[in-house]
Every structure is written in structure tokens, then in C-alpha cells.
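Undergrad: First to last, the sequence lines map onto chains L and V.
The opening position of the first sequence corresponds to residue 1 in our numbering, with each subsequent residue numbered one higher.
The opening position of the second sequence corresponds to residue 1 in our numbering, with each subsequent residue numbered one higher.
Bear in mind the hints are in silico, worked out from the structure with no lab data behind them.
Warning: the hint list may mix true and false statements.
[Said to hold, decoys possible] Subject to a maximum C-alpha distance of 30 Å in a straight line, what follows is the list of computed DSS-like cross-link-like pairs (lysine-lysine):
1) V:K159 / L:K63
2) L:K102 / V:K156
3) V:K155 / L:K102
4) V:K188 / L:K14
5) L:K63 / L:K90
6) V:K188 / L:K33
7) V:K263 / L:K9
8) L:K130 / V:K263
9) L:K183 / V:K263
10) L:K10 / V:K156
11) L:K9 / L:K90
12) L:K14 / L:K90
13) V:K159 / L:K113
14) V:K221 / V:K155
15) L:K125 / L:K63
16) L:K57 / V:K188
[As the list claims (entries may be wrong)] Here are the computed distance ranges between Cβ atoms for each label pair:
17) L:H18 / V:P189: 38 to 44 Å
18) L:M23 / V:F80: 37 to 43 Å
19) L:H195 / V:I256: 34 to 40 Å
20) V:I256 / L:H122: 31 to 37 Å
21) L:M23 / V:K263: 37 to 43 Å
22) V:L55 / L:G137: 55 to 61 Å
23) V:E258 / L:H122: 38 to 44 Å
24) L:H122 / V:P189: 27 to 33 Å
25) L:H18 / V:R180: 53 to 59 Å
26) V:L99 / L:H18: 27 to 33 Å
27) L:H195 / V:A195: 32 to 38 Å
Built from N, CA and C at the ideal position, the CB exists for glycine as well.
Here is what each chain is made of, one letter per residue.
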Amino acid sequence: MIELQNITKKIDDKYLYHDLSLMVPAGGRLLIKGESGSGKTTLLRMLLGFDFPDEGKVMIDGKKLGLENVWLLRRQMAYVSQEMQIGRGKAESFIREVLAFKNNRYLSYDRSKVLTLMDDFHLAKSTLDKRLEDLSGGELQRLAIIVTLLLERKIYLLDEITSALDQHLKELIVHYFCSLDDKTLVISSHDAIWHDQNFPTLNLGKNGSSS
Amino acid sequence: MEAAPDISVLRLMAAFGLLLVPVALSVFLKMGIVRQLFVSAGRMTGQLFLVSIVLVYLFRWDNPWLNIAWVIVMIFFACFSAMINSKLSFRHFFGPVFLSYFLGAGLLLVFFNRVIVNYENIFTARLMVVVGGMLLGNSLNSTIIGISHFYESIKKDNKRYLYLLSLGANQSEALLPFFRDAFLAALKPFMANMATMGLVSLPGMMTGQILGGANPETAIKYQIAIVLAIFTAVTISVALAVYFTARRAFNAWGIIREDLFRKR
């Protein structure tokens with residue numbers, strides 16, 4: 001469960017959010033709409049403790065996000081953003097490296113699981129042997145998503161993940177995430193395809209926000 | 001072999017006469033570098049002249065403590081000039097860079113003098129001051145390139161860094177790929193240089209030794225050893241500098257501080 005309580009944040013004397021409150025229950029969905037610069041990304045980063053409100057509280061699973069729990073709470077969340085350089089070297093080595101992080105040791109590398117996910121996202125098997133710097137934007141985007149899915153997080157924060165993809169891939173990804181009933185999804189996008197899902201929507205505008 | 005003949009002041013003036021060519025070209029093409037050229041050439045002449053006086057006395061007295069102090073002064077100036085050419089903030093980086101450089105180059109200097117040359121008095125001016133200068137002059141720039149690359153790429157590829165944190169990486173796990181890249185940035189140009197040494201360029205130390213009357217065979221051995229020592233000094237200094245600075249460069253949330261770079 002995600003809760004924002006009376007969040008206010010100013011950038012250069014302009015309100016990005018003014019007294020913004022909202023709640024997304026476990027397994028719920030939230031779509032954040034707004035032009036670029038309206039604070040969509042900042043809102044997602046605030047949930048992860050990468051950015052901070054001037055006033056107000058961020059609550060994850062009923063706990064106020066703070067220094068004492070941020071590293072733990074981040075592990076409840078998966079964060080994928082658009083056009084992200086995720087690393088260098090072979091794709092498979094990258095996945096192995098992520099699963100070998102101390103915090104992820106309880107998971108083991110299961111190649112067949114990775115291949116199933118790659119199949120779900122229409123990525124060729126050979127992608128695993130390619131180098132990350134040789135992958136196209138769309139391939140990289142899907143690989144970044146697959147890595148987060150392997151970590152089995154409860155909350156997915158998806159920042160414009162479909163905007164650079166073609167229609168066919170957009171549908172594929174939207175469809176996949178909509179089928180994850182037990183996951184909490186917070187999506188920032190100006191893609192019509194997400195709007196058609198009739199998720200609860202937050203509109204970030206120029207003068208404060210409304211929901 | 002005999003030592004190289006001295007150059008008379010008059011003949012040295014002929015070397016300055018060479019400057020007429022770049023000056024004429026600068027005036028002709030309106031490059032606007034004449035002033036800067038004279039300042040740079042003047043500084044070089046003045047600094048080298050002063051150093052020659054210092055060296056005369058360092059060699060005459062040959063006091064180990066004085067020699068060590070001179071090496072520390074050299075490190076200080078080397079740090080200063082290398083940092084001016086980077087965007088790193090002096091407040092955050094000067095101390096750690098100085099210390100890591102002192103340890104990295106210092107260790108290699110002692111190793112070179114003790115193990116490789118195996119000279120009885122390793123603090124003698126001939127080894128300490130001359131080899132020290134060689135080590136310092138050639139490794140500090142690569143070290144600074146490595147450290148700046150580390151912090152600049154974390155700032156530039158901040159999404160990648162935050163993505164790694166969100167994937168469950170702890171601070172050092174998220175920094176590791178950037179550390180790897182920084183090492184490559186510092187060492188790769190050096191390796192390329194090493195691979196063409198002798199074919200494309202005759203290194204300065206070798207030239208100096210041969211002019212000074214040394215057997216080319218001896219000069220080559222010194223050159224090989226010093227290049228390897230420089231390479232290792234860079235490796236150690238980059239690693240230590242990142243280690244010394246990383247803890248203070250990020251806040252408790254794991255986010256990189258804003259004031260690591262100088263504003264221009």
C-alpha cells in the first residue's frame with residue numbers, strides 16, 4: 001500500500017505539488033498523467049526515497065518512509081524508467097550480477113524462468129548472449145522490466161516505459177502488467193494505451209494537482 | 001659514453017627563436033594565443049630555472065628528509081594542477097586525492113628504489129627526486145581522469161545508478177560498475193601508449209639517461225621499470241581516491257551530493 005499525505009514540493013517558487021494526498025491499496029493501480037515537467041518522475045522518485053517533498057509524508061505499507069527504513073522499503077519496489085542505460089557487458093551476466101546482490105541472495109538464477117519471461121516479452125533467446133551496449137532501446141527496456149520481474153517485488157513503479165516503443169510492444173507490456181493482479185502498479189505515462197485501462201488517475205497540472 | 005655537452009646561453013636563445021614560427025602563424029591566422037604563449041613559455045623557463053637551483057642544492061646536501069619534503073611539495077603542486085584541469089571541487093577532493101596519491105606514488109617510489117634499483121640509500125636525491133618526479137608527472141593526470149570519470153558518470157548516468165539501487169544493490173554494489181568504468185578510462189589510454197612506446201616515441205627518461213651518458217641498454221631497463229611502476233601507481237591511487245571519497249560523496253539515502261563539482 002502506498003500513501004501520500006499532504007505532499008507539497010516547490011521548484012523555483014513554483015508548486016509542483018500542493019497539499020497532495022492519495023492512496024493506492026495493495027494490488028491497486030494508479031496512472032499519473034501530465035505534461036513533461038509536471039512532476040511525474042519526481043513523484044515516483046519520492047516513493048523510492050530518491051527525491052523528497054518539502055512538506056508531507058510518504059507512507060509505504062503503513063510505514064513513514066525515512067532513513068531508518070528506506071533501504072528496506074526500496075526492496076518492496078521495482079522501478080523501471082524509459083531510455084535507461086542499465087549497464088555494460090553480456091545481458092546474461094548482468095542478470096546474474098543483479099541476482100547475486102547480497103539483498104537478492106534468497107533468489108537463485110533460473111535460466112528457464114528468464115527464458116519464459118523473455119518469451120512473454122517477445123525477446124529472442126539470443127539476446128541473453130548479446131552485450132547490453134548493442135541492444136536496441138526497445139530490447140533494453142524489456143530486459144530492464146524482466147530483471148525487475150525476477151525480483152518478485154510487490155510494487156511496480158513504471159516511468160514512461162512504453163513511450164519509446166511501437167504499438168505492438170506497447171500492447172504487449174500493458175497487457176502483461178494488467179494481468180499481474182497481486183502487484184501494486186504506479187504508472188506515469190502520456191500514452192493513450194494506458195488511459196484505456198480505466199485506472200484511477202492523478203492529473204498533474206501547471207497549478208498544483210487534482211485527482 | 002660521455003655526458004651531453006652543455007648548451008650556452010646564446011644557443012639557448014636560438015631555441016626561443018623557434019617561437020617566432022608559432023607567433024607568426026598566430027598573428028597571421030588571428031588565433032589570439034600570442035599572449036598566452038609567452039606567459040606559458042615564460043612560466044616554463046622560470047619554473048625550470050628555479051627547479052634547477054633547488055636541484056643543485058638538493059644534490060649538494062643530499063639530505064633524506066629534505067628529499068622527502070621536496071617529493072611532498074611536488075605531489076602538492078601536481079595535485080593542484082591536475083585538479084584545476086578537472087571539474088572536481090577542491091573542498092571535497094583535494095585532501096583525499098593528495099593522500100591517495102601520496103600513498104600510491106610513495107609506495108611505488110620506495111619499491112622502485114629498493115627492490116628494482118636496489119640502491120643502498122633509497123632516499124638519495126638521485127633516486128628520490130628524479131624518479132619521484134618521473135612517477136608523479138606521469139601518473140597524476142590518469143589518476144584524476146579516473147576519479148572524475150567515476151563521479152561524472154554517476155551524475156550523468158544517474159538513472160542507471162538509481163536503477164541498480166532499486167534492484168536491491170547496496171551502495172558499494174551499485175558503485176562497482178562505475179568503478180570498473182573509471183578504471184578503464186584511467187588505464188586504457190596508458191595501455192595504448194605503452195603498446196607503442198619505443199616505436200612512436202622515445203620516452204623522456206630514456207632520452208635523458210642516454211644524453212647523460214648512460215648505456216642505452218641500461219636506460220631501457222630503467223624505462224621499462226618506471227612505466228610499469230607508473231601504471232601500478234595509477235591503479236593504486238585511483239582505487240584509494242575512490243575509497244577515501246565515496247563515503248562522503250553520498251548521503252545516507254545513497255544519493256550523490258550536489259556540490260562535488262565546481263560551478264563554472
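Undergrad: Output the indices of the hints that this structure fails to meet, ascending.
TA: 4, 5, 6, 8, 9, 11, 12, 14, 15, 16, 17, 18, 24, 25, 26 and 27
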